[in-house]
Amino acid sequence: MNADVVVIGAGIVGAACARALARAGLSVVVLERGAAAGATSARGEGNLLVSDKAPGPELDLALHASADWPRLAAELADELGAAFPSVEYQRKGGVVVALTEAGAEPLRAFANGQAAAGVAVEHLDAAAALAFEPDLNPALTAAVHYPQDAQLQPVVAAEALLASARLAGATVLTGTEALGAVRDRAGRLVGVRTRAGDIGAGAVLVAAGPWSGDAAAALGADVPVRPRRGMVLVTARMAQRVRHKVYDGDYFGATQSAAADLQTSSVVESTPGRTVLIGSSREQIGFDDRLRVEVLAQIARRAVRLFPFLADTPVIRAYGGFRPYMPDHLPVVGPDHRHPGLWHATGHEGAGIGLAGVTASLLCAQLTGTEPPLDPAPFQLARPSLAAHLGGTP
Amino acid sequence: MSVSVLVIGAGPAGLSAAVAAADAGAMVTLLDAGDGLGGQYWRHLPPERSSVREARLHHGWPLFERLRERVAADEAITVLTEAQVWAVETTGAVTVRVLVGPADAAGREPLALAADAIVFATGAHDRTLPFPGWNLPGTFSAGAAQALAKGERIAVGRRAVVAGAGPFLLPVARSLTDAGAEVLGVYEAARPLHAAKGWLARPHRLLGAARKGPELAGYLGHHLRRRIPYRLGAAVVEARGEGRVEEAVIARLDADWAPVPGTERTVAVDAVCVSHGFTPRLELPIAAGCRTGPDRFVLVDADQRTSVPGVYAAGEITGIGGVDAALVEGRIAGHRAAGGDRSALRADLRRRRAADDVARRIEAAHGVRPGWRAWLRDDTVVCRCEEVPYGRLRDTAAATAQDSLRSLKLTTRAGLGICQARMCGRTVEELTGAAPASAADTSDQRPLAAPIRLGDLAGLATTPHGGKDTQ
Ligand SMILES: Cc1cc2nc3c(=O)[nH]c(=O)nc-3n(C[C@H](O)[C@H](O)[C@H](O)COP(=O)(O)OP(=O)(O)OC[C@H]3O[C@@H](n4cnc5c(N)ncnc54)[C@H](O)[C@@H]3O)c2cc1C
Ligand SMILES: Cc1cc2nc3c(=O)[nH]c(=O)nc-3n(C[C@H](O)[C@H](O)[C@H](O)COP(=O)(O)OP(=O)(O)OC[C@H]3O[C@@H](n4cnc5c(N)ncnc54)[C@H](O)[C@@H]3O)c2cc1C
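Residue numbers (UniProt numbering), protein chains in the order written: chain A, 1 to 394; chain B, 1 to 471.
Hints listed in this document are in silico derivations from the structure and should not be mistaken for laboratory results.
Each statement offered as a hint is correct.
Now the stretches of chain A that chain B is said to cover, found in silico as 3 or more residues with beta-carbon under 8 Å:
id, stretch
1, 35-41
2, 79-88
3, 159-172
4, 235-242
5, 292-300
6, 308-320
The C-beta atom is built at its ideal place from N, Cα and C for all residues, glycine as well.
Here chain A stands alone, though its shape is the one from the complex:
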């Protein structure tokens, strides 16, 4: 078997890239060692947030994604028809709340900085916040509304992108692990080894989520992606009393910090299934998926502080995954400067669902030599902030 591009990983990032590449006319084979859309992309939430991102390249990416998802969601719905489940794209807006005096000023300042970078921001006083979210803890000290924040159903989104990729001609091989590189005499990467045989490739794209480090290593390269554990709680179905994505301002501390110990923030959102999702924790504990009740308790404490009525709501499920985490908190989208023919689209940490579409456009433009939707430089593996984390050239 041969392909212009072999994509390693059928999570949402691999699916989106496969779709973009196939629609650009390339032949694409996707290798997935497990089931498609079964790993990280099925173990998180589907927030598409601009509100949690400080001005900088990731916010630029998120603003692109935010502008682009309505189009992408409509395109997928058109293409796949009514029998395909909806990606449940909802631009419901976010409300970020501070509950302490100490937290109020940093939240306002953060929001003002974002406004300067082009984010739609609306400061709310307590009365306005309670009008947005009547069941919010009235003791709040500051609140900001972010109308651009949206949500998606991540697994449907990943499956829709993959189904669309198939319609554009991509082949998806599940239960097929990328085991190693096929090289020509000059040592150049020309394909991928699998148990089912070699697959020749003009380019190989690593989109293996938190396992991208291992997948790259199997190809003789390295990429400093690490897992960052996160847990989410799901309540029983109930009459909906949470209207937006509501979270405490500590979320910023957690996403922007590299500290290894347990951090939680409560992002509370209702879903079309009439449950409430409450996420999430952040821990650097490797690929350890053992349950820690204390983590769940901490998530619960924050949620109940935000919405006191939730105390009586039963949690029926807890699940978790490993965010693909880069040491400098930016994804890698582009070629491997040390290994011709090798590409990466990974390291999206807690934002890969929302950023999958724009990642695919950015990757595809670089690979096909067309005009990228935004400057790819900050997302290169060769960027200075990663230099200390990379091995040398072969």
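Dock chain B with the ligands against the given chain A, drawing on the hints supplied.
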């Protein structure tokens, strides 16, 4: 110092494990989510309404009374009822998280228990295959009908049929008639040949399983006396009615359980009770890290040890063998968990072999066969909690080219509801061709073994190793 043994589940397996562990010198904690002891088998009226008829309604009632009195009287055994295990942690020693108090109450008391050895004896729940109309009021799982009859003396209807597969249909029919219902028929999906192969190949083995032989004989005798028709190779393939069950459609089945066209007939009923076997309650052993086998029961060795050191399993979670298997496995597990010597177990090891044989026969004779799918229609609800119809499940699986449970659950919502796929999980897996034995995800995994209020979760004391709360 004596060994501490924690037994989870106080059905036949857990009760006998607790007693055997105490006999071997251990300090025992026995806990059960229910408000009484006895599990599914010895479900009975609450003590304040106890009845002299229990003994007639339950096989082995005197044995239950002996076990119950023993665990109550023995100072080495602490009994906790209304004690729901909701999570198991394995980051340090295997630790069982418990909430004690009435099931729906807020502010239940939290406990975190560890012990030198743990015995899981969490039993099984009964499995019902979907059919058109099974979600109409008046259709019951046979287990629910049985529980109401045994625990409340309430018959679920006046004119009932019992259908499905397995020896469990007979006691259900009996409980229903004892509670005052007229049972119009018992329909067993297994065909005579399979039933005969399963049960008659070595009848002496069957009788060797202490009580099962006479017990079955007793049920059959009861059927004859009551003149309840018992049909092999037949099933309820549809329930019909305006707003509730008014009639059941019964059809003959072929050897694969597919309905034979043209054999349908309808019976006027107000209750349909169905059971197609049992699904072991595996969430706690799985959360503890215990390996399960290809048949999806907890793997145990001759001492009932699981793959996790210090963790034992007994009863229906290791195989569906009925009450005798549960009792003997419980004794072995309790004795060995307490550090008791294996030489004392010779008779029990022999009895367990006979019980294992019964389990194999039940599966051979009554195991679910794939032809049942033929009685589904596109609008037959498969997941009742989330009201997912078969047609949508099948079409979504096709549209996403997907056979893995995780994605299908999230794209269709099948199995995401309040029962967390306890009812439909295995059905969804079968219908979509998922291969649970090789999958990372199965419908048996539930890190939260029971719902817990956010307030109760939030109220759990912070443990020192849990990291700091940044507030
Ligand atoms: C608790 C939690 C909450 C989150 N919340 C959000 C949120 O609200 N919004 C948001 O945008 N993001 C969120 N995320 C992050 C998001 O889920 C991830 O960024 C995203 O799913 C990453 O997608 P991926 O395709 O890179 O990885 P994955 O989905 O993990 O896909 C990678 C695939 O590669 C496969 N693979 C690995 N190695 C090989 C190999 N050698 N050969 C073949 N296949 C291989 C894997 O099996 C896997 O299927 C959250 C994550 C977590 C854990
Ligand atoms: C509804 C039903 C009715 C049955 N009726 C009959 C019958 O009439 N005749 C017959 O021959 N066989 C019957 N059976 C089969 C019967 O289950 C077995 O023969 C026998 O009871 C198995 O014993 P066990 O100890 O393994 O499990 P069980 O008797 O099921 O006991 C398991 C116990 O574990 C407890 N438990 C489970 N999870 C937790 C948790 N997370 N926390 C705390 N406690 C927990 C349960 O409350 C239960 O009391 C029935 C089965 C079911 C499901």
